[in-house]
Amino acid sequence: MVRLPSLSSVLVTAMVGLLLATVYFLLASGVPTQEDGNGGPQEAPAMVSDFTFTETRGEETRWHLRASRALYFEEQRRVDVEGIVVDLRQGEVSVLHLEATRGAVDLAAFSFDLTGEIVLTDPQGLDLRTSAVHFDGETRRLSGVDPVQLRRPPYKLAGQRFTYELTTQRLEMDGEVVVTVAEPPA
Amino acid sequence: MIASLARIATLLIAATAIRAAAGGGGWIPPTPAFQAGTELHATADHLEGDFTRHHLLLVGNVKLVGDTQEIHAERLSVTLDAESRRIETLDAKGQVRLIYGPYTAVADRLVFDTAAGHARLLGEARIWGEGREMAGTSIDLDLHRKVVEVTAGRVGLPAHGELPALRVAADTIVADGDRHGRADRGTYDLMTGSLVLEGNAALTEGGSRLLGDRIRVSLTTRQVQVERGTIHYRQD
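Read top to bottom, the protein sequences are chains A and B.
For the first sequence, the residue numbers in this note's numbering are 1 to 186.
For the second sequence, the residue numbers in this note's numbering are 187 to 422.
Derived from the structure by calculation, the hints contain no laboratory data.
A couple of the hints might just be wrong.
[Unchecked claim] Non-contacting residues of chain B with respect to chain A, defined by C-beta distances greater than 12 Å in every case (computed):
(1) 232
(2) 235
(3) 236
(4) 237
(5) 283
(6) 294
(7) 304
(8) 330
(9) 335
(10) 382
(11) 385
(12) 392
(13) 399
(14) 413
[Claimed, not checked] Computed from the model, here is a short list of chain B residues facing chain A with C-beta under 8 Å:
(15) 225
(16) 226
(17) 228
(18) 233
(19) 234
(20) 261
(21) 263
(22) 264
(23) 268
(24) 273
(25) 275
(26) 412
[Claimed, not checked] If you want the footprint, here are the derived chain A segments under chain B, 3+ residues with CB under 8 Å:
(27) 73-86
(28) 169-179
By construction, the Cβ of each residue, glycine as well, lies at the ideal position given by its N, Cα and C atoms.
All chains should be built: construct the whole structure from the sequences, respecting the hints.
The following block contains the structure:
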């Protein structure tokens, strides 16, 4: 049976992110405004550095994202980030480590999208490289629709699209899939 | 009848066990390797991998290429041994085609178990190459004992075969047009060119019928020996 997070834990989680963003927003007050398409003033996003976002469910940390630079869009509840390092956790253990050039965190959906040079690694030797990844915090599923290369001894895989279930370690890949299985020397 | 039997090119058999010559140089096609030290390359339309179970499933236009063999199929399941990470099983389904050396095998399904040293072709299975052929509802390749077993099928004999002996067990049926042989078991010896049917053996052609415990047919001298039997002869 799937145990849904309580409303309170989700709120706490949201608060963690919003608190951090708000602090940086306050620190960044004085950011100049921009003009909207009609010539009127539009509030510029708060720009912060060393952004951190952590999603928790109860006592459990689900994922932890750090970025060297972030732009907070309050109305969209979105944070655009650069220089990203993400640790996806199960309990206290980091089960997947991601690094990416750019991305966006959806504070409402507890999900994020990464773009640029993306590298995923795990303690079992997984090394996945692609240029676009979406992480759904609810299903804990990673997916991408750009060409992907994956190494995890003894496999080398390549394809055009992929999904990866974090909890089950199940991978699906589509589009001209290429597989190499190298058996270890006897 | 003897002359007719001499023209027999195909043995229709219910179950046949054939021992391969050492080194795979005999009549039996050498079995595919997929052994340690090899690297397999595969392509497909879709892949499902379960890293916890060390399992890959390839779907759609699957092509697997190894050092000495090639498999084409609609679906291919690959399981690795959890500790050694060597290939444990290959299970190919749907229009399976296995190519190795000069031989081609086709079947509805190919199951290859490296630990057991066993490969099985199932459903309209056929292996051919170098003028040799065997086919049946299943073909079992025992890689350790070098034995091939064909079930409910036929074995096409080469014109100058090196097969020392073809041992036929259980409900042997030999057919050539309207000429038929039947026995509980039989042996076809290519070195001497003789066919021995044993146990409720019978040879029929038209209205003629030979019955006996043991019938030996020499394809070189065109002689028939019937032990403890009867001959019903009717001239057409």
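Hints and how they fare:
no. : hint    : in the structure
1   : 232     : 5 Å, violated
2   : 235     : 4 Å, violated
3   : 236     : 5 Å, violated
4   : 237     : 4 Å, violated
5   : 283     : 18 Å, holds
6   : 294     : 23 Å, holds
7   : 304     : 19 Å, holds
8   : 330     : 17 Å, holds
9   : 335     : 28 Å, holds
10  : 382     : 44 Å, holds
11  : 385     : 47 Å, holds
12  : 392     : 58 Å, holds
13  : 399     : 52 Å, holds
14  : 413     : 53 Å, holds
15  : 225     : 5 Å, holds
16  : 226     : 5 Å, holds
17  : 228     : 4 Å, holds
18  : 233     : 4 Å, holds
19  : 234     : 5 Å, holds
20  : 261     : 13 Å, violated
21  : 263     : 12 Å, violated
22  : 264     : 7 Å, holds
23  : 268     : 12 Å, violated
24  : 273     : 6 Å, holds
25  : 275     : 13 Å, violated
26  : 412     : 55 Å, violated
27  : 73-86   : violated (count 0)
28  : 169-179 : holds (count 11)
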